[in-house]
Amino acid sequence: MNRSAQGSTTDPVNPRAKTVVVRNSFGQPVIFGMDWTAIVGGQPLKLARKHARLVRATHYLVVGAPAMTVGCVQLEKQYFAQSCGIYSGAALFSLAYPSAAVACLVRFEEGGCWMVASHSGSIMSETDRWFVDSAAALAALSEIRRRFPHLVVYEGLIASSSQLPAWLNDKCSEQARVFVHQSVRVGVKSRATALGVIVVVGLWVRGFDPRSEHDATLTQMPASQPWLDTIAQHAQQHPVHGFSDLMRVMAAWRRVPFDPAGWQLLRVQCEPVSFDWSCAAHYRRLHRFALSQQLEAAKPSDWEFHAVALDRATLTWNLSRAAQPLNWAQAPVNADWMTSLQRLSPLFEHIQLGLSAKLTMRTPLDAQGRPLERPADLPNWHQRSLAFKGPLRALTALQALTAPVRWRSATLEVGNISGQELTRSALVVQLIGDLFEHIQQ
5 MNRSAQGSTT DPVNPRAKTV VVRNSFGQPV IFGMDWTAIV GGQPLKLARK HARLVRATHY
65 LVVGAPAMTV GCVQLEKQYF AQSCGIYSGA ALFSLAYPSA AVACLVRFEE GGCWMVASHS
125 GSIMSETDRW FVDSAAALAA LSEIRRRFPH LVVYEGLIAS SSQLPAWLND KCSEQARVFV
185 HQSVRVGVKS RATALGVIVV VGLWVRGFDP RSEHDATLTQ MPASQPWLDT IAQHAQQHPV
245 HGFSDLMRVM AAWRRVPFDP AGWQLLRVQC EPVSFDWSCA AHYRRLHRFA LSQQLEAAKP
305 SDWEFHAVAL DRATLTWNLS RAAQPLNWAQ APVNADWMTS LQRLSPLFEH IQLGLSAKLT
365 MRTPLDAQGR PLERPADLPN WHQRSLAFKG PLRALTALQA LTAPVRWRSA TLEVGNISGQ
425 ELTRSALVVQ LIGDLFEHIQ Q
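Each residue of the sequence shown is one higher than the one before, starting from 5 at the first, in this note's numbering.
Calculated directly from the structure, the hints in this document are not laboratory data. A quick note: this is a predicted structure, and the numbers were derived from the prediction, not measured.
Quick list of the computed label-pair ranges, beta carbon to beta carbon:
hint : residue 1 : residue 2 : range
1    : D280      : E130      : 18 to 28 Å
2    : A371      : T406      : 34 to 44 Å
3    : T406      : S124      : 26 to 36 Å
4    : L295      : E425      : 39 to 49 Å
Yeah, the Cβ is synthetic: ideal placement off N, Cα and C, and Gly gets one too.
Using the sequences and the hints, build the whole thing.
Shown next, in the form of structure tokens:
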């Protein structure tokens, strides 16, 4: 699938290609199609370099913790001198979704579909691959689904710069930057098949042609519109959770079998995935006469049963649309959320609030690829990490918290008594997320 950087962006993508290089809206080259292998043992960087040398890779990257994988790829000699660096698309995805088992399918309008999967930030082998279409990519995910029944799959269609996934269109993290392996000498001609297509994205939007004054007049828009479009995209990619959304998660917990015959409920874990939630209830077998059939018979009909080990089992389910987009372009009603947290503190074992940091959001570019100035009237959003730990009964008090919150996990621990006096309970909830505040400039 060889094509020069000057090739037309409408040329069809060869779905049989192994490696494709895409330039994001910042002009940074992103690699799609590396070979990933698990690293077992100490000194992971040394092992990664050794593996890269064995497979004659020109570039490599180590990701994941504690489970680590190394990605290797062979690229043409011209990529050794990229001053801005080269980045792994698979690594960017794993950084964007560092928890649970997730996969992503990206369909290119030029043709072909790219698939990657990661678990807890570690990229799975036999992914970061190209397929003819999304159906073929989904079929390849069937083996991963057997290992991870609660696997969540994202699908996206690259049609313009405004529709790129945020983990691709944002400025690339240095953690996804690949290293050049100096011991391998690669000639341009001998590595021609490893050169991907350079797809220039983000420079032309909706057929706008800067050479035509007539078209420019027809497509003229307010100066703030690109920022409003970016904010709207951010709202869809980063929804928040209101009190009613959290109560829907808690309502699902009430359906969990708490005392099935021969099995003990240990904990219930839920993690948001876009607008949905992925949940699992973990059980331990109490005695040798307990059977998996007994636990499976006790589960709700729309949930799934998984025998993890001889004495371990889980029930999994998904909760749809338990989140909502936030209008980041509008300043929130001025509320004293700090006082609300202070009033809540006696009800919980502890409340942890992190330091305020400016909310990062992708900066849109003009037709020449230059960053657009942020409109002065847009709200100045900041975020803080937020964590609650306390009795299950205290969650109803969170209705008093009016600040926007995006939860990253909700866990119910069962049986281990925690807390003192008012907060003492055998049903302990831990919520971890981010709180968002508007700071007047």
